[in-house]
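Chains Z and U supply the protein sequences, listed in that same order.
Just so we're aligned, residue 1 is where the first sequence starts under this note's numbering, counting upward by one.
Just so we're aligned, residue 1 is where the second sequence starts under this note's numbering, counting upward by one.
To be clear, the hints were calculated from the coordinates, so they are not data collected in a lab.
You can trust all of the hints, since none of them are fake.
Looking from chain Z toward chain U, a few residues come up when the C-beta cut is under 8 Å (computed):
| hint | residue |
| --- | --- |
| 1 | Ala25 |
| 2 | Gly26 |
| 3 | Gln28 |
| 4 | Tyr45 |
| 5 | Gly46 |
| 6 | Leu47 |
| 7 | Ile74 |
| 8 | Ala75 |
| 9 | Pro77 |
| 10 | Lys78 |
| 11 | Asn80 |
| 12 | Gly81 |
Every residue, glycine too, gets a C-beta built ideally from N, C-alpha and C.
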Amino acid sequence: MALDFEEMNGREESAKANVTIVTVAGTQDQEVEVGTSIGDFKSRYGLEGTKIVDEEGDALNNSDIITNDMQLFIATPKKNG
Amino acid sequence: MKKKLKIIKAANALNKVTEVAQKMASKYPICECFNIIKNMYTAPDYTQLVIEQRAWIKLMCFIHLIGDYEISGFGRIVDGRVVDFDILKQEVRGAYVEASDDAVIDFIRRTPADQRGEWILDWHSHVEMGTTPSGTDWTNYEDMLKARMGKQFPFMIVNKKQSVTCMQYISEQRHPDISIVLSIKEDVSESDMLAIYNECKEKVELLCKKYEAPVTTYVPSYINPKQATTWPHYQRNNRVDDYNDYYGWGNRYGEWDDDDEVAEAKRQGFVFDDELEYCSECGKVLDLEDPDQQTWGVCAECLGKVLPGSTEK
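Pulled out of the complex, with its shape left as it was, chain Z reads as follows:
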């Protein structure tokens, strides 16, 4: 019988969600822990000040939680002078 050290230590492996990030530069996949907030996600990838929307086009707030695999579209305004 295999010993589950995680369980013995009182910890469970946290579930992961595949997040597909779509920007002007293209697409990239990231594995994120389920339960991560959009605010944490932004600060982890240096995306403060950017706008994030989901596949349906709904804007996500910093308090929204990543619960499953999803596609996120990220952008900032384009200002030129």
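Fit chain U to the supplied structure of chain Z, relying on the hints for placement.
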């Protein structure tokens, strides 16, 4: 119970120490710059780009169709060749153009999935001015780099005279030049050109909106001797596409060249500030129909002080 209380006190003390340490740390002049450091030796993705003839015609159509306004968009690069240009929903001005984050997201979402990662060229026009990037441009490129997850990208500034500045934006401190080659191999017929022109015209009409200055009520700060209201500054500023928001280019007053509107304003009794003269002594507006005031540059009240032989002077 006492032990638990001690633990809580210790935790509180630790929190306080952390708080103080954080406050102290914020006093040091740290500027996050890891992106600059890690990209010191990064090779640019492009040092040369070839622009396809049809793509160049399309770009020129966009730039000329928008008239005296700037316009911006993205370009599609495939194997080092720029094969297409497109625009997005935007608000255009004489020296400034802005597309909201929603507009950029809409652009990404309407890009076919197999073309994602190809529309990377960031372009905009400078109407007829030089194509050197402005302060606004540099700030925006840094923001765009963030939104591209730190991935370097090419940008291009072009004007009606077909001058081009093209660079690879790697970091705030590194943006090497990209040389541009215009491909003219293809024989594009006039009907093809017209088709491209009409496609661009439709897009410009659909996606580009002229900036409209907010309407504000002007309260004259003084009444001049003729009881005329001064033509408000803000109106002139806004008529030239809000040069207030912009610096470094042009003269916002010098751009006022709509003779009909000026004539109409004068007919209605408006007097332009630059046509007024002020008393050199007290600062009041001069009545220029009075030859003495015109000659001496002082108002009627101050004339006695400055006229020759005046005892007060």
